[in-house]
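S.K.: Okay, here's what each chain looks like letter by letter:
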Amino acid sequence: MYQEVILDHYKHPHGRGLRDGDAEVHHVNPTCGDEITLRVKYEGTRIADVSYEGQGCSISQASASVLNDLLVGKDVTEAQRIQGTFLELMQSKGRIEPDDAMEEILEDAVAFAGVSKYPARVKCALLSWMAWKDATAQALGESEPAERKSA
Amino acid sequence: MYQEVILDHYKHPHGRGLRDGDAEVHHVNPTCGDEITLRVKYEGTRIADVSYEGQGCSISQASASVLNDLLVGKDVTEAQRIQGTFLELMQSKGRIEPDDAMEEILEDAVAFAGVSKYPARVKCALLSWMAWKDATAQALGESEPAERKSA
Amino acid sequence: MTQLPGLLDTEAIRKDFPALDRVLHDGKKLVYLDNAATSQKPRQVLDALTEYYERHNANVHRGVHVLAEEATALYEGARDKVAEFINAPSRDEVIFTKNASESLNLVANMLGWADEPYKVDHETEIVITEMEHHSNIVPWQLLSQRTGAKLKWFGLTDDGRLDLSNIDEVITEKTKIVSFVLVSNILGTHNPVEAIVRRAQEVGALVLIDASQAAPHMPLDVQALQADFVAFTGHKMCGPTGIGVLWGRQELLEDLPPFLGGGEMIETVSMSSSTYAPAPHKFEAGTPPIAQAVGLGAAVDYLQSIGMEKVQAHEHAITSYAVKRLLEVPDLKIIGPVTAEDRGAAISFTLGDIHPHDVGQVLDEQGIAVRVGHHCARPVCLRYGIPATTRASFYLYSTPAEVDALVEGLEHVRNFFG
Amino acid sequence: MTQLPGLLDTEAIRKDFPALDRVLHDGKKLVYLDNAATSQKPRQVLDALTEYYERHNANVHRGVHVLAEEATALYEGARDKVAEFINAPSRDEVIFTKNASESLNLVANMLGWADEPYKVDHETEIVITEMEHHSNIVPWQLLSQRTGAKLKWFGLTDDGRLDLSNIDEVITEKTKIVSFVLVSNILGTHNPVEAIVRRAQEVGALVLIDASQAAPHMPLDVQALQADFVAFTGHKMCGPTGIGVLWGRQELLEDLPPFLGGGEMIETVSMSSSTYAPAPHKFEAGTPPIAQAVGLGAAVDYLQSIGMEKVQAHEHAITSYAVKRLLEVPDLKIIGPVTAEDRGAAISFTLGDIHPHDVGQVLDEQGIAVRVGHHCARPVCLRYGIPATTRASFYLYSTPAEVDALVEGLEHVRNFFG
Ligand SMILES: Cc1ncc(COP(=O)(O)O)c(C=O)c1O
Ligand SMILES: Cc1ncc(COP(=O)(O)O)c(C=O)c1O
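If you're matching them up, the sequences are chains W, C, U and P in order. Position 124 of the first sequence, counted from 1, bears residue number 124 in UniProt numbering, the numbering being contiguous throughout. Position 58 of the second sequence, counted from 1, bears residue number 58 in UniProt numbering, the numbering being contiguous throughout. Position 294 of the third sequence, counted from 1, bears residue number 294 in UniProt numbering, the numbering being contiguous throughout. Position 101 of the fourth sequence, counted from 1, bears residue number 101 in UniProt numbering, the numbering being contiguous throughout.
So here's chain W without its partners, still in its complex pose:
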């Protein structure tokens, strides 16, 4: 499960550190103590920045780094699509073999396909993604209340 890509992101995380944001959330995985503090910064519906601090295993750390890579600069709708695809992959119990279409959407994140075979680790991989979803709901929910329901 430890793809080279994952180890790279773990050892050299992208975008790590807390910077200015519109909303901040703190998520914990109580079963293993993995933690993340994550901030999102929006310009309209465009993701200007995702910054984060945390501690945890290589999977949760690398996943946050990949998230930063993938989502920063995207429009929120596009980002939600990516998040949905990543969730689908992680919940596939190893049954999805990422194809070209999926690789186009997920880029480096397809390296996590192998993690989905390990139920105990799926939560690690999803920690930052769940935090991002939450933070986005807060950030956009406040300025555009109509969207709140869908969050």
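No wet-lab data here; the hints were simulated from the structure.
Each pair of labels, with its calculated beta carbon distance range:
#1 Ile306(U) with Gly204(P): 57 to 63 Å
#2 Gly141(C) with Asp80(P): 34 to 40 Å
#3 Glu84(P) with Leu7(W): 52 to 58 Å
#4 Asp159(U) with Asp47(P): 46 to 52 Å
#5 Gln138(C) with Lys333(U): 35 to 41 Å
With a Cα cut of at most 20 Å, we get these calculated EDC-like pairs of lysine to aspartate or glutamate:
#6 Lys123(C) with Asp92(P)
#7 Lys93(C) with Asp108(C)
#8 Lys117(C) with Asp80(P)
#9 Lys133(C) with Glu24(C)
#10 Lys123(C) with Glu69(P)
Note that this is a predicted model, so its numbers are computed, not measured. Quick reminder that beta carbons are idealized off the backbone N, C-alpha and C, glycines included.
Got chain W; can you put chains C, U and P with the ligands on it based on the hints?
M.R.: What follows is chains C, U and P with the ligands alone, placed relative to chain W:
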């Protein structure tokens, strides 16, 4: 386990019916609903009568009949010895093969040796004997309080 | 051999159950008619247990090693199987306990510690019936003693049915919970769920159904029952001892407080306070009965490979035949419904004045295993003024020939004590 | 191969444990170092289970047929074996539960519903320690929330021992119960019983000892411990899942109220009230874990055939060796005592910045099964400021070669994430 002797006592119980007594007790075996009401009549320390009414299985009924046979007319010390021997036999889990000495003491009651192999039935065989012990403690305890402790 | 419509191929089925080959008392083949107490186990279940212990044994959840992952997948997979077996809307509504008794106590305790609107206290009432198993009486007596709630119950008719004539007085606005048995283990009666559930819903009371004698014998659909909780036990349905089930509606399991505290049921613990995992784990403290859940999963697979409709039809045929044959025995009186309609495959009876202990013992000498006593339902014996009954109870491997053996055995009992 | 004094003949012993032959990930032989979570089961235990189900399976107590009598004798025989194993003054003091967690909750609940002098209420205090398993924390938190009693605890020293320096302030005249772990499942610490028991007796508090990590590994003598209750669990001591034990002093079991209500635990039941059977049955509601008790009896036989002193000596030797070898691994820090004195065979550690999840996963790829996380003792992790640990834990079949494999595996982990 159903020795001829036991069936005889069951079908033709000796001394059944409630007659005058110095003490009366009511014992129940809650697991099977067997019940006995038993009275003892003493003349000094001699057992003048043991009378009883009850409902229950052949073993509990026959055992009361045998008790009546064995104990009426005996002195209480002798009766206690018989009761002790019967208790020992019933708790032997089929490991005691009654010898002549035991047969001398227990007479018909040795027929219950086979019952001791059936843990669920031992309580049935002992019901009347426990009732008798209790009633005796009451009857003699009241007139001779010094004996109460040993009951 | 007697041919009845609806019978299963018992010759094939019996090959799966090693215990049925047991020979007793110099050469008498076991006739096992004590299925309401516990069922025998098919080879498939024993193999699942052995395979679990020999290859996959580990503690579940949170483990990152292969064995822990396999054990978790097997344990949680058993939950999926049970959920499907009872048509639960969600697998997370299936709680594994140690037996039906724990399942029933679990509900009683949840309600004792609950907040409004569920809370049982001295201003509220609990409703059960006179035909409950002790495991569905004593927990409510304890709850009533400890909270001051009033315990009420439905009585029985002379022919062994629930007397619901006063249902509106028994179940009232004060009622918080109605708990009753779906199929009685002593009378065999199959109770009318709908009338009770309708009245309970009218007054906003929760409904708990004790399906211990139903789950093994007929299709069980918790959604169709419309109850809030359903309890049953593994060992009566081809599964191992040491495992029971409580199904409960998700929102209730979310709202109600936990019962046993410990490992597995928590989300996060500090010395001063803890938060709890979502159901079902919230109610599964400590290392669960892992192998036993796996065994129960295999039992469910086994029963479903035969089909619960077919099991039910088989038992109905056997029960009809047994009722008819038993009524031919002089002095035999069935305690409970004397037809096979709306009844399960447990038949209690008395035989003249002969005490059930003697009936059971003499039958045992012929290799026939029945249960005698009050069958953990003493109020039923009190109601009918008898100290005890003899009970023959059938299952998917029971045959008409075994009914015949029972009837013959009873003739022998009569002669013996005649 | 490394030769250490006091080792058992593991070559022979390992032949009894089929799971130890398991081969993982294309040809890697299982190195099972997760024994504190659960132990593997010897063939003898699996055979006892199968034999029970194939020949003797029936519900226990009150049955007059052969199978019911055999099942009862086997079940009650297992109680005799366990009583002897822990040197209980009476077999009737041994209660079978579903796991240690139930045993611990059982005591908490008895005290919550007890009369004076045992009653726990808002004027009284409960004492535990910071190194308890969640199963010995959450029941007391629940009891404290529900009764208003104050929950207090002993803290830990930097080297993983109980800090008893303030024992007279922690255990006071208000203390009703002191519950603590004999051997910690996360730190490995073996706690000093005598000092705590002496102080508890001084103030008249009851003492409950959680021996879950002791019973499998050393001679356990409940009389020598001088506690009032001792809890442990079957699956960690070569027994099946689904069975635990609570030993309690007879007079307490007589005085204290029941917990779960139902079949088996009663003397007589009517609709309006019930009386209870004497202990142990009073605390065993419903069909007990019959096969699991039989399996635990076989496990006890197995352990005694080897001898608990020898098991202890073996584990001491392995633990000494493991502590020494682990301390050679760069960046490895043992959480808990760094000697083999007064410690059990569970060793927790951190490895530099590498998260335990990653340590465990990479070890698993080499066939080495360890546990990672907070080990159901999160307050210990909080105390030492770490999110989790990696834990290797040994048993009677563990070998020095397995310790070597672990150390080699850890080197690999360091290189991998280095
Ligand atoms: C010290 C300690 N106490 C209690 C328990 C709980 O045992 P069980 O999970 O079998 O209830 C465990 C094991 O998980 C333990 O290690
Ligand atoms: C109707 C009914 N309810 C509850 C129970 C209790 O089941 P268990 O003994 O497995 O807890 C039984 C069986 O004994 C039963 O027949």
